[in-house]
Amino acid sequence: MLILLSVLGCEKENDQDPDKKSGGYIESFVSLTSEKDSLLPGESTTITARVKGDNISYIWDATQGDLLGSGNKLTYVALLCDCGKSRITCTATAGSYKISRNLIIYIIDE
Amino acid sequence: MSKFLYLLALLSFTLDGLQAQCFSSSGNPVGGTMNMGVMDKNTFRMNLYYRFSCSDQYFQNDSRYRGDNEILQKASYNYLGFLTAYGLGEKLTVELEAGYYLDKTQLYYIEDTELAGRGFSNMVVSLKPRIYYQPDRRFELSCALGAIIPFSTKMKRVDGVTLPIQIQPTNGSYGLVFQSFLVKEDPFRAIRFFWVYRMENYFQNPQEYVPGSMFINSFFFSKHLIFEQWKLKDWTLILQFRNQVQGKSSISDQAIGISGNCLVFLCPQLNLGLGEHWNISALIDIPVYQYYNGIQIANKTSFVLSLLRDFSFNKI
Chain A
1285 MLILLSVLGC EKENDQDPDK KSGGYIESFV SLTSEKDSLL PGESTTITAR VKGDNISYIW
1345 DATQGDLLGS GNKLTYVALL CDCGKSRITC TATAGSYKIS RNLIIYIIDE
Chain B
8 MSKFLYLLAL LSFTLDGLQA QCFSSSGNPV GGTMNMGVMD KNTFRMNLYY RFSCSDQYFQ
68 NDSRYRGDNE ILQKASYNYL GFLTAYGLGE KLTVELEAGY YLDKTQLYYI EDTELAGRGF
128 SNMVVSLKPR IYYQPDRRFE LSCALGAIIP FSTKMKRVDG VTLPIQIQPT NGSYGLVFQS
188 FLVKEDPFRA IRFFWVYRME NYFQNPQEYV PGSMFINSFF FSKHLIFEQW KLKDWTLILQ
248 FRNQVQGKSS ISDQAIGISG NCLVFLCPQL NLGLGEHWNI SALIDIPVYQ YYNGIQIANK
308 TSFVLSLLRD FSFNKI
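Protein chains in written order, with my numbering: chain A, 1285 to 1394; chain B, 8 to 323.
So that you can see chain A by itself, here it is in the shape it has in the complex:
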């Protein structure tokens, strides 16, 4: 009976937070930062996403340039054909949580 109660107790606690049960949650998207905010074509910079939570996955998009790497830290490369504003979007997901942040990097024509 004790074992059954403790199992039910655990289930009840997890039911209160189903995302923790399924293995992920996000408390907050703390920051999305780049070492440089402007680049010449051909240059690169490191971009870091800081997110509080557990079991977080990251999805990255860029309107221009290439993104190298994975996880919460990537290298962004401005291509020779890129110019102007490039919007980098990082979406953090965990369970049913999903938060996005944008970052603008300026690619300056030489």
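Hints are supplied without guarantee of correctness; some may be wrong.
In the DSS-like style, the derived pairs of lysine-lysine whose C-alpha atoms are separated by at most 27 Å in a straight line are [what the hints assert, rightly or not]: (1) A:LYS1357 / B:LYS163; (2) A:LYS1320 / A:LYS1336; (3) A:LYS1357 / A:LYS1382; (4) A:LYS1382 / B:LYS161; (5) A:LYS1357 / B:LYS81; (6) B:LYS161 / A:LYS1357; (7) B:LYS191 / B:LYS240; (8) B:LYS307 / B:LYS81; (9) A:LYS1382 / B:LYS163; (10) A:LYS1357 / A:LYS1336; (11) A:LYS1369 / B:LYS161; (12) A:LYS1336 / A:LYS1382; (13) B:LYS163 / A:LYS1369.
DEER-style ranges, computed between Cβ atoms [stated by the list, open to error]: (14) B:TYR116 / A:ILE1343: 22 to 28 Å; (15) B:PHE158 / A:ILE1343: 20 to 26 Å; (16) A:ILE1388 / B:ALA154: 33 to 39 Å; (17) A:SER1322 / B:ILE287: 50 to 56 Å; (18) B:ILE138 / A:LYS1320: 53 to 59 Å; (19) A:GLY1368 / B:PHE248: 37 to 43 Å; (20) A:ASN1386 / B:ASN224: 40 to 46 Å; (21) B:PHE158 / A:SER1384: 23 to 29 Å; (22) B:LEU87 / A:GLY1368: 33 to 39 Å; (23) A:ARG1334 / B:LEU103: 46 to 52 Å; (24) B:LEU244 / A:ILE1388: 53 to 59 Å; (25) B:PHE59 / A:SER1384: 34 to 40 Å.
Going by beta-carbon spacing under 10 Å, a handful of chain A positions derived as facing chain B [as the list claims (entries may be wrong)]: (26) LEU1324; (27) PRO1325; (28) SER1328; (29) TYR1342; (30) ASP1345; (31) THR1347; (32) GLY1349; (33) LEU1358; (34) LEU1363; (35) LEU1364; (36) THR1377.
Since the hints were made in silico from the structure, they are not lab data. These numbers were taken from a predicted model, which means no experiment stands behind them. Just so it is clear, CB atoms sit at the ideal spot from N, CA and C, and this is done for glycine as well.
We have chain A; now place chain B onto it with these hints.
For chain B alone, coordinates are given in the frame of chain A:
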């Protein structure tokens, strides 16, 4: 006539786009593939080919670039193409082109990072009417109008990171293709001349990207050779001279300055006929002139291996 249709089909692989970095990197073979002329009624053609292409040198306008702005060490792809055609009538053929990128890879100088995409490319569905045909003079003129349909309009991701457009298996853009074919045979000397023109025009994809329009002009010369003493006796030598112009791509209605090119290739090709229905073929692309807007990675090596088979459903 059916023999030259075979040849025209085999020649088609040579028109695959050889493209440069910045929205045209390792190319898009289905979009750039052209095809055979009008087929005999109730004849079905299947055509499988493999293309490898590698780019590892930069060009600035029309000369080699060896500066500090190189980003990629290499861009390459391995592609399996599939073409089918069916003769709906004596003067009308319907055609389908499709393909799959086994890989489309970019190797960066930054930490030797490699990015690769794979998947289905675009599909092209065309209708090809014969415009003019004079059997006595062995002369034919036909054209084709088709629709380019991407297999997906969503950009692919690897490990959560959206791949650059250059290595997406499809650019996600719908488009239109117009082609014209002119064929002149000299059966007594077993030679043929072909002229093929292909134009591709694209619409904006959901990411607001529009690939540059493509204009391809190809002139072919072929000589059929029979070696009676050989076990494999049915050979054809083909020489293609191709000019390929790609306009500038655009994103969010802004033209991308460093995109677009004008290229000229010489493409020797060897074809072997096996029995009545099978043909295998190999060719290489040799760039003889390359002009790129700005600094772009340029094609260096490219070859195609193909296998073709016709099936006739005509009652004998």
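The hints, checked one at a time:
1. A:LYS1357 / B:LYS163: Satisfied, since the Cα-Cα distance of roughly 19 Å is no more than 27 Å.
2. A:LYS1320 / A:LYS1336: 23 Å, holds
3. A:LYS1357 / A:LYS1382: It holds: about 18 Å lies between the C-alpha atoms, which stays within 27 Å.
4. A:LYS1382 / B:LYS161: Holds - the C-alpha atoms of LYS161 (chain B) and LYS1382 (chain A) are around 19 Å apart, at most 27 Å.
5. A:LYS1357 / B:LYS81: Answer holds: LYS1357 (chain A) to LYS81 (chain B) is near 24 Å, not above 27 Å.
6. B:LYS161 / A:LYS1357: 24 Å, holds
7. B:LYS191 / B:LYS240: 24 Å, holds
8. B:LYS307 / B:LYS81: With a Cα-Cα distance of about 10 Å, the restraint between LYS307 (chain B) and LYS81 (chain B) holds, given a limit of 27 Å.
9. A:LYS1382 / B:LYS163: 19 Å, holds
10. A:LYS1357 / A:LYS1336: Distance of about 15 Å is within 27 Å: holds.
11. A:LYS1369 / B:LYS161: 22 Å, holds
12. A:LYS1336 / A:LYS1382: With Cα atoms ~12 Å apart, LYS1336 (chain A) and LYS1382 (chain A) stay inside 27 Å; holds.
13. B:LYS163 / A:LYS1369: Answer holds: LYS163 (chain B) to LYS1369 (chain A) is near 22 Å, not above 27 Å.
14. B:TYR116 / A:ILE1343: 22 to 28 Å: Taking Cβ atoms as reference, TYR116 (chain B) and ILE1343 (chain A) lie about 26 Å apart, which means the hint holds.
15. B:PHE158 / A:ILE1343: 20 to 26 Å: Holds - the Cβ-Cβ distance for PHE158 (chain B) and ILE1343 (chain A), about 21 Å, lies within 20 to 26 Å.
16. A:ILE1388 / B:ALA154: 33 to 39 Å: 37 Å, holds
17. A:SER1322 / B:ILE287: 50 to 56 Å: Because 54 Å falls inside the window, the suggested range holds.
18. B:ILE138 / A:LYS1320: 53 to 59 Å: The hint (53 to 59 Å, Cβ to Cβ) holds, given that ILE138 (chain B) and LYS1320 (chain A) are roughly 58 Å apart.
19. A:GLY1368 / B:PHE248: 37 to 43 Å: At 39 Å between Cβs, range holds.
20. A:ASN1386 / B:ASN224: 40 to 46 Å: 44 Å, holds
21. B:PHE158 / A:SER1384: 23 to 29 Å: 27 Å, holds
22. B:LEU87 / A:GLY1368: 33 to 39 Å: 37 Å, holds
23. A:ARG1334 / B:LEU103: 46 to 52 Å: 49 Å, holds
24. B:LEU244 / A:ILE1388: 53 to 59 Å: 57 Å, holds
25. B:PHE59 / A:SER1384: 34 to 40 Å: Once the Cβ atoms are compared, 39 Å apart, the range 34 to 40 Å for SER1384 (chain A) and PHE59 (chain B) holds.
26. LEU1324: At about 9 Å, which falls below the 10 Å cut-off, the nearest Cβ of chain B leaves the hint on LEU1324 (chain A) intact, so it holds.
27. PRO1325: 7 Å, holds
28. SER1328: Holds. Min distance 6 Å.
29. TYR1342: This interface hint holds because 5 Å falls under the 10 Å limit.
30. ASP1345: Nearest chain B Cβ about 5 Å off; hint holds.
31. THR1347: 7 Å, holds
32. GLY1349: Holds: closest Cβ of chain B sits about 8 Å from GLY1349 (chain A), inside 10 Å.
33. LEU1358: 7 Å, holds
34. LEU1363: 6 Å, holds
35. LEU1364: 5 Å, holds
36. THR1377: Status holds, d = 9 Å.
This entry satisfies every hint, going by the numbered hints stated previously.
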